[in-house]
Amino acid sequence: MIFLAVTVNGVPKDGQYLLARRHGEFLARPPDLARWGIRAHPTATTAIENDNFVDLATIPGITLQFDAGRELIAMTVSDELLDLHKISASTARMNPTESALAAFLNYDLSVQYADKAQASVFLEAGVSGNWGLLATTMAVGQQAGSGGVTRLDTYFLRDDPDALIRLVVGDTVSDSNEWTRQIRFGGVRLGTEFGLQPNLITFPTPAFAGRTAIPSNVELLVNNAQRFQTDVAEGPFSISQVPLVSGAGEVTLVVRDALGVERRVTSSYYVSSRLLSPGRSAWSFEAGGERVDYGIKDFSYRNPFMSGSYRSGITDWLTLESRAELSGDVQMAGAGANIVWSPIGEFGIAAAASRGSNGDGTLYRVFFNRITPRWNIAVSYQHASRTFDQLGIYSDAERITHQLQASAGTSLGRWGNFGVVYTDLEYADRTRTRLTSANYSIGIGDRGYLSLFALRSAVTGDRIDTTLGAGFTIPFGSRSSGYIQADSHNALAEIHKTPPTDGGWGYRFTASTGESDRQQAELDWRGNQGEVSVEAARIDGSSGVRMLASGGLLATGDRVYATRRVEDAVGVVDVPDLPDVRIYQENRLVARTDGQGRAIIPDLRAYENNRLAIAPGDVPIDAQMPDDTLMIVPRYRGAAKAHFAIEQDHAVTIVLQTSDGALVDAGIVVRLGTGETTFTGYGGEIFVRKARIGMSIEFDTQQGPCRIVLGALPTGDVLPRIGPLRCGAAASTP
1 MIFLAVTVNG VPKDGQYLLA RRHGEFLARP PDLARWGIRA HPTATTAIEN
51 DNFVDLATIP GITLQFDAGR ELIAMTVSDE LLDLHKISAS TARMNPTESA
101 LAAFLNYDLS VQYADKAQAS VFLEAGVSGN WGLLATTMAV GQQAGSGGVT
151 RLDTYFLRDD PDALIRLVVG DTVSDSNEWT RQIRFGGVRL GTEFGLQPNL
201 ITFPTPAFAG RTAIPSNVEL LVNNAQRFQT DVAEGPFSIS QVPLVSGAGE
251 VTLVVRDALG VERRVTSSYY VSSRLLSPGR SAWSFEAGGE RVDYGIKDFS
301 YRNPFMSGSY RSGITDWLTL ESRAELSGDV QMAGAGANIV WSPIGEFGIA
351 AAASRGSNGD GTLYRVFFNR ITPRWNIAVS YQHASRTFDQ LGIYSDAERI
401 THQLQASAGT SLGRWGNFGV VYTDLEYADR TRTRLTSANY SIGIGDRGYL
451 SLFALRSAVT GDRIDTTLGA GFTIPFGSRS SGYIQADSHN ALAEIHKTPP
501 TDGGWGYRFT ASTGESDRQQ AELDWRGNQG EVSVEAARID GSSGVRMLAS
551 GGLLATGDRV YATRRVEDAV GVVDVPDLPD VRIYQENRLV ARTDGQGRAI
601 IPDLRAYENN RLAIAPGDVP IDAQMPDDTL MIVPRYRGAA KAHFAIEQDH
651 AVTIVLQTSD GALVDAGIVV RLGTGETTFT GYGGEIFVRK ARIGMSIEFD
701 TQQGPCRIVL GALPTGDVLP RIGPLRCGAA ASTP
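Numbering (the numbering used here), first residue to last: 1 to 734.
Derived by calculation from the structure, the hints in this document are not laboratory data. Each hint should be verified, as a subset may be incorrect.
What the hints assert, rightly or not - Pairs of lysine to any residue, SDA-like flavour, derived with a Cα cap of 20 Å:
id: 1; residue 1: K297; residue 2: R151
id: 2; residue 1: K641; residue 2: E567
id: 3; residue 1: K497; residue 2: G469
id: 4; residue 1: K13; residue 2: P30
id: 5; residue 1: K86; residue 2: G308
id: 6; residue 1: K641; residue 2: R592
id: 7; residue 1: K13; residue 2: D32
id: 8; residue 1: K13; residue 2: L56
id: 9; residue 1: K86; residue 2: T202
id: 10; residue 1: K641; residue 2: R582
id: 11; residue 1: K641; residue 2: Y584
id: 12; residue 1: K116; residue 2: M547
id: 13; residue 1: K116; residue 2: E567
id: 14; residue 1: K297; residue 2: T137
id: 15; residue 1: K641; residue 2: Q585
id: 16; residue 1: K86; residue 2: E219
id: 17; residue 1: K690; residue 2: P626
id: 18; residue 1: K116; residue 2: G503
id: 19; residue 1: K497; residue 2: L468
id: 20; residue 1: K116; residue 2: V545
id: 21; residue 1: K86; residue 2: V6
id: 22; residue 1: K497; residue 2: S516
id: 23; residue 1: K690; residue 2: R721
id: 24; residue 1: K641; residue 2: M547
id: 25; residue 1: K13; residue 2: A34
id: 26; residue 1: K641; residue 2: Q657
id: 27; residue 1: K690; residue 2: Q702
id: 28; residue 1: K641; residue 2: M94
id: 29; residue 1: K86; residue 2: A209
Unchecked claim - Pair by pair, the computed Cβ-Cβ distance ranges are:
id: 30; residue 1: P30; residue 2: E567; range: 49 to 59 Å
id: 31; residue 1: R256; residue 2: R93; range: 41 to 51 Å
id: 32; residue 1: N609; residue 2: I296; range: 35 to 45 Å
Using N, Cα and C, we set each Cβ at its ideal position, and we do this for glycine too.
All chains should be built: construct the whole structure from the sequences, respecting the hints.
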């Protein structure tokens, strides 16, 4: 038995390993082979001192060299025996951060005056925590429904990010696909929600494989843009879950070793987000009553129903889907398939049948789509009989019987981009709408962006309308631009500046003439506590003013904060007892802590990694800070805790006196409230590294025991001096 260092194909393995030697041959333990990345399946093992060993000479593809002086065994292993290194190019998923119990109130206030004064406000109130979200929305004011107050949505929502499932009880919307309608309803919805893991790639993407003889760097270029880079060990490797944009493209795999030798392999691909990876499925179940008169009546539900959808990835090129709806008035079922044929593009077919009050009906749909870096084309056609029915259709004016959509576009390089779109819709009441548009755009250096457009619309019972026009955008900076446009009906000029994301002012000035004579001035403000916009406008001789204000209130812990609207998620930052500390979100300054060291970040991204950091220069020099950066993953509408651990030493020098005012002698033992002990120096001085308000200081003198309680600690000085403090039964610092 002998301990030796090991190298595999010239790469040293950490540590030393126990090997056996018999008849001049070396034997190794199977677990060590796995640690070295060798996939060996020995047919026989040898028991030595209650352990199993494998004779390395019996494994084809392995040759050995033994260096007795260096106590090293060098192994040369064929690629076929090396482990396949599986690498995922997607971002690693983090579990949701603990949520604080929080209540929020969002508001959107509108006050305007034209011929008369009007005011309205949209309110959203909710309570959230690790258990989920309970929320309600309403509209209040002269623009709301009867009575001035209209309830909109009330619901309970709970997510399971591990299972990718979302439950909604209350007011919500149904699932849908390209050949069914989405409806509002009150009831229960349970189903798959891929948004709970935003980094998850749900559609089939190609895996990219290769081999390296020595550790190397691997880079993936998608259409000549870097998408992924990593280091790999020697041997075979495979990279999956590469983030690719839908359509056709090219991926170049670049392998670069330590000597600078580079190999490149380019392959083409075609992917579609309409597909699901093989073995992956998505489903949705809904039950309840259809919501009608939404925004007008508080509680108006009808037609109890049940519905469900199911999608399943069958192969890399085929995904099947189905949907069924059942109510007292409507029964509908349908199925479809999405297919990718890489050399051509993606295809889809679907068919459905229904039974309703108008009788039996049918629907079918076909589409073709191809997207490339230089051009794209899409065509879809859907036909339904006039008696085809589904949830959410109450009249012939809502029932589409004929739908043709076609679009094409191309990139002309430095000569710009060109695109055309055609839409033809016909309804069961014989109304038909046809729209044709074309657009050409080109950048003119750094000076602006020119667009030319044409639009033709034809609606049954109305005249054909044709519009030709041109527009020019002039950038003035990162947030400012001007725009001028002239077409067959109007001429318009506008200049605007958007407020900074971290707060500030913006404006918009607009003037138009022609069929619409309009002048408008707008001033915007964005802050950590909300957003305000003030507008004055004159339209066709009538003048008016309007003020818009939006924001929110967030209650968490023992505090209520004024903030911007709580939309996706919110962060509750705590830097204990440190005011005016700058908070950065993805390297953007977004807030400063208040007097208690707290700050609210209202626009985090739910279920994604959000990087928050504090400015180290704002932290006292005597403070200990393990990390100035945190990565948090908030739940949907949740208040994620972001606690920056700060330990401030508060090192001070304290001068002690006896009860008669004399300085305490040197060498006296002093007991601190922290449990530590120290000794007095000359002049009655002691040094305390971690002073705290309320900390006790006890020592013995000839007059008896003494006790002092520290009061407020001085701030500002790096090493402040306190005292002299006189001994007393309960003496305190001033």
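Checked hints:
1. K297 with R151: holds (7 Å)
2. K641 with E567: Holds, at roughly 17 Å.
3. K497 with G469: violated (24 Å)
4. K13 with P30: holds (15 Å)
5. K86 with G308: Roughly 37 Å separates the two Cα atoms, so the pair is violated.
6. K641 with R592: holds (16 Å)
7. K13 with D32: holds (10 Å)
8. K13 with L56: This hinted pair holds, its Cα atoms lying about 17 Å apart.
9. K86 with T202: holds (18 Å)
10. K641 with R582: holds (17 Å)
11. K641 with Y584: Roughly 15 Å between the alpha carbons, so the hint for K641 and Y584 holds.
12. K116 with M547: holds (14 Å)
13. K116 with E567: Given that 20 Å is the threshold and the Cα spacing comes to 33 Å, the pair is violated.
14. K297 with T137: Given that 20 Å is the threshold and the Cα spacing comes to 13 Å, the pair holds.
15. K641 with Q585: holds (14 Å)
16. K86 with E219: This hinted pair holds, its Cα atoms lying about 15 Å apart.
17. K690 with P626: holds (17 Å)
18. K116 with G503: Since the Cα atoms of K116 and G503 sit roughly 33 Å apart, the hinted pair is violated (cutoff 20 Å).
19. K497 with L468: violated (28 Å)
20. K116 with V545: holds (11 Å)
21. K86 with V6: violated (24 Å)
22. K497 with S516: Distance of about 24 Å is beyond 20 Å: violated.
23. K690 with R721: It holds: about 14 Å lies between the C-alpha atoms, which stays within 20 Å.
24. K641 with M547: violated (34 Å)
25. K13 with A34: Status holds; Cα separation ~12 Å.
26. K641 with Q657: Violated, because 46 Å separates the two Cα atoms, which is more than 20 Å.
27. K690 with Q702: violated (28 Å)
28. K641 with M94: holds (15 Å)
29. K86 with A209: Between K86 and A209 the Cα gap is close to 9 Å, so the pair holds against 20 Å.
30. P30 with E567: 49 to 59 Å: 55 Å Cβ-Cβ, so the 49 to 59 Å window holds.
31. R256 with R93: 41 to 51 Å: violated (29 Å)
32. N609 with I296: 35 to 45 Å: holds (42 Å)
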